[in-house]
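Could you build the full structure based on these sequences and the hints that come with them?
4 protein chains.
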Amino acid sequence: MKVGIIGATGYGGLELIRFLHNHQEVEQIDLFTSSEEGVVFSSKFGHLINIADTPLQKIDYDALEQFDVVFTSTPSGVTSELLPPLIGKGPKLIDLSGDFRLKDLASYEQWYGKKAAPAEAIAKSVYGLTEWNAENVRHAPLIANPGCYPTAVLLSLLPLLKNRLIDPSFLVVDAKSGISGAGNKPSQATHYSEANDNFSIYKTNTHQHIPEIEQAISMFAGIDATISFNTHLVPMTRGILSTAYAPVMPGVTEAQLVACLQEKYEKQPFVRIISDANGLATNRVKGSNYCDIFVKVDSRTNRATIVSVIDNLVKGAAGQAIQNMNVQFDLPQTTGLDVVPLFI
Amino acid sequence: MKVGIIGATGYGGLELIRFLHNHQEVEQIDLFTSSEEGVVFSSKFGHLINIADTPLQKIDYDALEQFDVVFTSTPSGVTSELLPPLIGKGPKLIDLSGDFRLKDLASYEQWYGKKAAPAEAIAKSVYGLTEWNAENVRHAPLIANPGCYPTAVLLSLLPLLKNRLIDPSFLVVDAKSGISGAGNKPSQATHYSEANDNFSIYKTNTHQHIPEIEQAISMFAGIDATISFNTHLVPMTRGILSTAYAPVMPGVTEAQLVACLQEKYEKQPFVRIISDANGLATNRVKGSNYCDIFVKVDSRTNRATIVSVIDNLVKGAAGQAIQNMNVQFDLPQTTGLDVVPLFI
Amino acid sequence: MKVGIIGATGYGGLELIRFLHNHQEVEQIDLFTSSEEGVVFSSKFGHLINIADTPLQKIDYDALEQFDVVFTSTPSGVTSELLPPLIGKGPKLIDLSGDFRLKDLASYEQWYGKKAAPAEAIAKSVYGLTEWNAENVRHAPLIANPGCYPTAVLLSLLPLLKNRLIDPSFLVVDAKSGISGAGNKPSQATHYSEANDNFSIYKTNTHQHIPEIEQAISMFAGIDATISFNTHLVPMTRGILSTAYAPVMPGVTEAQLVACLQEKYEKQPFVRIISDANGLATNRVKGSNYCDIFVKVDSRTNRATIVSVIDNLVKGAAGQAIQNMNVQFDLPQTTGLDVVPLFI
Amino acid sequence: MKVGIIGATGYGGLELIRFLHNHQEVEQIDLFTSSEEGVVFSSKFGHLINIADTPLQKIDYDALEQFDVVFTSTPSGVTSELLPPLIGKGPKLIDLSGDFRLKDLASYEQWYGKKAAPAEAIAKSVYGLTEWNAENVRHAPLIANPGCYPTAVLLSLLPLLKNRLIDPSFLVVDAKSGISGAGNKPSQATHYSEANDNFSIYKTNTHQHIPEIEQAISMFAGIDATISFNTHLVPMTRGILSTAYAPVMPGVTEAQLVACLQEKYEKQPFVRIISDANGLATNRVKGSNYCDIFVKVDSRTNRATIVSVIDNLVKGAAGQAIQNMNVQFDLPQTTGLDVVPLFI
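Going line by line, the protein sequences match chains A, B, C and D.
Using the UniProt record's numbering, you'd call the opening residue of the first sequence number 1 and step up by one each time.
Using the UniProt record's numbering, you'd call the opening residue of the second sequence number 1 and step up by one each time.
Using the UniProt record's numbering, you'd call the opening residue of the third sequence number 1 and step up by one each time.
Using the UniProt record's numbering, you'd call the opening residue of the fourth sequence number 1 and step up by one each time.
Please keep in mind that the hints were generated in silico from the structure rather than gathered at the bench.
It is possible that part of the hints are untrue.
To be verified - Just some of the chain C residues that point at chain D, by a computed CB distance under 7 Å:
1. Asn198
2. Val234
3. Met236
4. Gly239
5. Thr282
6. Arg300
Where is the CB? At the ideal position from N, CA and C, for every residue including glycine.
Structure follows, in structure tokens:
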């Protein structure tokens with residue numbers, strides 16, 4: 001397979017390279033740029049010396065059409081214009097940005113503050129939450145790869161919502177992310193001296209992943225939910241932990257919640273249901289494509305605490321993108337992704 | 001004033017020394033130990049060379065009775081036995097442990113898994129949440145200094161609950177703490193290589209600060225609330241951030257919530273109501289006795305997000321303890337505590 | 001005293017505010033800016049709400065002449081033009097930048113790559129390494145406050161060099177700094193995700209503090225030394241540790257090195273000679289004006305290892321600047337600086 | 001291949017599992033323990049759920065003899081007794097501890113403070129610095145896998161010393177390590193709150209890797225050197241950076257140093273000579289088996305600065321051990337080790 005990456009200099013792009021380098025079906029990886037044509041990639045990223053010494057290439061539709069897959073890992077507002085001409089022209093398109101996730105154009109424009117992609121392009125895209133949408137992913141010309149927070153939140157909540165085990169009318173999701181989620185562009189909030197040894201909340205009640213989560217709950221669980229959702233910045237590089245709170249439905253037990261999750265994910269290689277909360281932490285999935293989920297019912301409140309962790313750059317971005325590619329090419333989902341989490 | 005500290009080797013004790021060193025009314029600080037008699041304190045803690053070169057002294061009731069104040073900063077289960085004989089014998093007693101906080105002995109024994117202090121001793125103790133209980137603190141022989149989480153949670157929620165602006169029937173508190181909250185005793189969970197670059201949940205629904213928070217809501221707001229409460233470990237040394245979620249009462253606006261908080265804390269030197277969430281972060285209060293509070297109403301859900309930050313070792317422990325001492329001795333609350341947060 | 005600060009938004013400036021806030025002789029602190037006139041300072045720095053709510057003022061020579069002291073904490077190349085007109089006009093000037101440190105203009109222009117300050121202005125400036133130059137500091141109109149690395153290096157090496165106990169012909173200084181030394185301006189190298197959990201060398205053999213160190217060795221020890229000097233970036237916010245290596249002179253013992261250091265600094269409140277290397281670490285001086293020094297002779301090589309630590313923002317910048325101010329106004333050197341290190 | 005690991009619960013052991021899991025020639029990995037027989041490995045290490053769910057087995061010589069390779073990753077003083085009976089009995093033995101590295105028993109006992117392994121066992125062991133000793137490694141029954149610091153130091157210095165380009169009579173090596181080098185056992189020095197945001201020196205002039213480095217300089221470069229060597233603790237989990245200083249020999253240029261390194265390592269897959277110091281940092285090799293080297297001559301002192309970085313747990317432990325296994329079984333050295341560094 002011949003793979004192209006647009007936006008390789010971002011953290012999502014770098015992770016694509018890291019995993020595709022060890023993907024046995026990938027023979028060629030070309031890197032494209034809108035602004036740094038000719039720059040040898042490893043001269044920008046020392047860790048890739050001897051690994052990715054190729055020059056960045058100019059984005060060229062004719063060239064891109066020759067690829068089997070094109071990944072785009074760009075800021076929002078780029079692929080909405082860039083990708084539509086390529087849809088159906090040859091390569092499978094897998095977009096890691098948010099530009100094709102929301103089916104409702106007005107919602108995109110409200111939450112992202114940018115012009116939405118053309119309606120016909122959005123109509124052709126498929127939301128790539130692999131464990132929930134593999135059949136559609138298989139045949140789609142364009143994958144809207146899920147956001148990092150939605151991946152962690154949805155994988156843990158969807159089975160419980162779909163099976164009506166928790167009450168969607170009071171659903172609170174309190175999410176925390178490592179700082180790599182903010183991307184590679186320096187800013188005051190991500191300046192080491194101000195981010196180190198510091199914990200903060202950001203985008204209170206206004207994160208653009210809210211409509212994405214609610215759309216997927218509607219799509220996969222058939223429920224219209226309005227969630228409370230907040231995001232926090234953790235002084236670490238990688239990892240997301242989501243803590244969700246919801247009343248359990250009358251008569252539902254903790255054992256039923258656990259069983260529901262286990263059953264749903266029994267054959268999914270990257271989702272693990274954890275029985276001991278001491279085993280749940282972002283470092284247990286670090287560098288890997290795993291999503292670990294833990295659920296507990298508080299008998300005092302009769303509410304469930306539903307916790308999940310992912311590596312935001314892997315299952316929350318590049319890893320899931322490659323998982324979707326594997327589905328599209330009828331490869332085992334674990335191809336190129338079967339790595340052991342780093343832990344430390 | 002002559003001050004004694006029992007448990008000076010813990011992080012709460014070290015912070016007591018740090019602030020009392022610059023307290024203009026304190027002339028003498030003696031350090032007591034149950035196990036390291038004679039050890040020169042600065043030989044254990046290099047940062048205190050030339051500052052606290054005194055030897056640790058054996059705990060001796062006759063000696064302790066000569067002090068104006070005795071702070072105890074020991075693990076739970078110690079002062080329940082140690083302090084009762086000293087109550088009313090001379091020194092004001094300020095206990096930083098959890099042993100005298102819960103009025104209900106059975107509750108203590110259930111949540112702490114230890115034998116409670118004698119009922120008559122607990123009856124004499126006063127819960128030292130300074131901004132809410134200064135009058136009782138002033139005359140109490142024994143102060144039960146609040147826990148770190150309860151301080152952050154209560155200061156932000158109590159005004160809103162007392163004034164019936166938020167609905168206590170669905171109150172979710174998602175709290176996050178720096179690792180110093182776990183104390184100075186090494187363990188696997190606090191081993192650098194396993195805690196660094198890692199975020200985890202712990203004591204899901206079972207933290208011993210839950211009954212303390214509920215008791216104080218009953219005591220100061222007159223409401224019986226059963227809260228959802230979870231705690232997380234943040235890879236940083238100091239700081240707590242609490243994110244709480246509650247429906248706002250019908251017709252209540254965000255402006256009313258803000259005004260309620262501002263009014264309550266207008267004359268309190270250590271509580272700041274923050275209008276811009278970008279200014280809210282644990283490093284904004286680091287090393288200081290401040291509690292910063294931010295509130296926002298999500299118009300989509302009509303729920304309030306109530307966020308507060310403290311330094312867990314200062315306002316959450318040693319700083320509030322000294323603030324209580326100042327109240328007891330009719331000193332300005334800021335005496336010895338008027339330091340600028342470190343920020344970085 | 002009435003104090004003005006130019007460059008208050010930098011980390012050095014913020015530390016000046018932190019300490020001057022608790023300086024009993026300082027009644028007024030005004031903040032000046034070249035570009036943000038009118039901005040309320042605490043709206044930029046949330047930790048200073050209720051502490052520094054004053055607006056930034058335009059730099060105005062007539063106004064500045066009314067102050068007792070003016071601190072400048074600006075990037076290099078600013079005060080070389082800004083300060084000369086103010087010299088001798090009223091306020092004591094204390095410059096935290098490198099613009100007046102090097103007596104040799106050509107050397108400044110070579111190492112800094114900028115135009116040097118006028119020769120006559122440089123001639124009036126005094127190098128403010130307090131423990132070595134207090135008499136000259138006392139009467140100087142303009143203090144060139146030492147750099148962070150030079151402070152750590154010089155305090156540890158000067159006594160040994162001056163007394164000819166170590167051999168300057170092979171002097172290696174390997175220095176490490178927390179990231180706040182790079183200032184508050186975001187960059188790729190200080191972007192959290194790339195600086196966290198990472199250690200690197202920078203400016204190999206070319207740091208602009210090299211000529212400053214060599215000039216001071218000449219000035220205070222009477223020796224022309226050419227040192228090997230390198231600097232490294234440590235994933236922490238504050239702190240410098242310098243490890244120096246030099247042959248000991250024939251017949252000189254470790255005890256003589258220790259005695260020499262102890263004697264020199266016996267009456268200096270901010271320098272501590274540490275006897276146990278386990279007590280030497282940057283967190284032992286964190287947030288304080290201390291410099292801790294440890295020396296050991298390796299009998300295998302007959303070379304001395306000379307280690308020192310400071311807080312780069314305090315003894316390496318704002319703290320030493322205030323110490324110099326205290327000297328100039330005949331105050332005890334510890335005024336406003338007598339704080340206990342944070343340790344954790 | 002059938003592989004056994006003794007000491008799998010240490011960080012070296014966990015890294016062996018991480019890499020061997022993806023080693024195409026390894027079919028079975030069994031884990032052995034002296035004290036936790038029957039414990040399911042993934043119940044201790046949550047990141048290995050679904051990956052290493054096998055129970056720990058009792059150490060049994062008969063069983064071990066059936067393996068192709070046995071790795072030992074235990075504290076010093078264990079394999080000196082454990083391994084001798086197994087030498088030559090079937091499995092290749094690869095010891096990650098220091099017990100078989102020093103050929104001089106007295107030296108081991110002096111620096112380690114423990115009884116040395118039997119002389120005849122040591123005589124059969126081969127020092128596994130792969131790039132320098134592959135031929136001997138190929139045929140050895142027992143590999144003494146190099147220490148983490150020696151690997152970083154030797155790979156960078158040996159070519160220059162062997163070719164007499166730098167002067168060994170004044171060789172200073174200032175090394176810095178992430179905290180995982182201290183192992184997985186909690187202690188005060190590695191307690192998060194005391195190690196975070198802190199930098200310290202340890203084992204001044206007395207680290208047990210000193211004789212290992214000097215022995216290897218003698219062995220591979222034919223030079224008797226006595227080095228100055230110090231080690232520092234960096235607040236990060238993984239990574240070593242070594243900064244070495246040595247006079248260059250008369251007439252030798254920087255270009256010659258660079259050429260010497262390039263030539264030596266031209267065909268070695270895991271050593272990269274870096275031309276731009278900005279590309280040199282521990283995160284450039286994080287999680288991988290690379291060693292990156294940078295050299296620069298300071299024209300002011302005519303001394304070379306020689307810098308190298310490795311991941312202490314990979315090239316400094318488990319990675320090099322597997323590299324040695326690959327050599328022994330005539331596999332490409334990169335088998336199972338061809339991973340891209342994480343960078344962030």
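So which hints don't hold here, by number, going up? Of the numbered hints, all hold.
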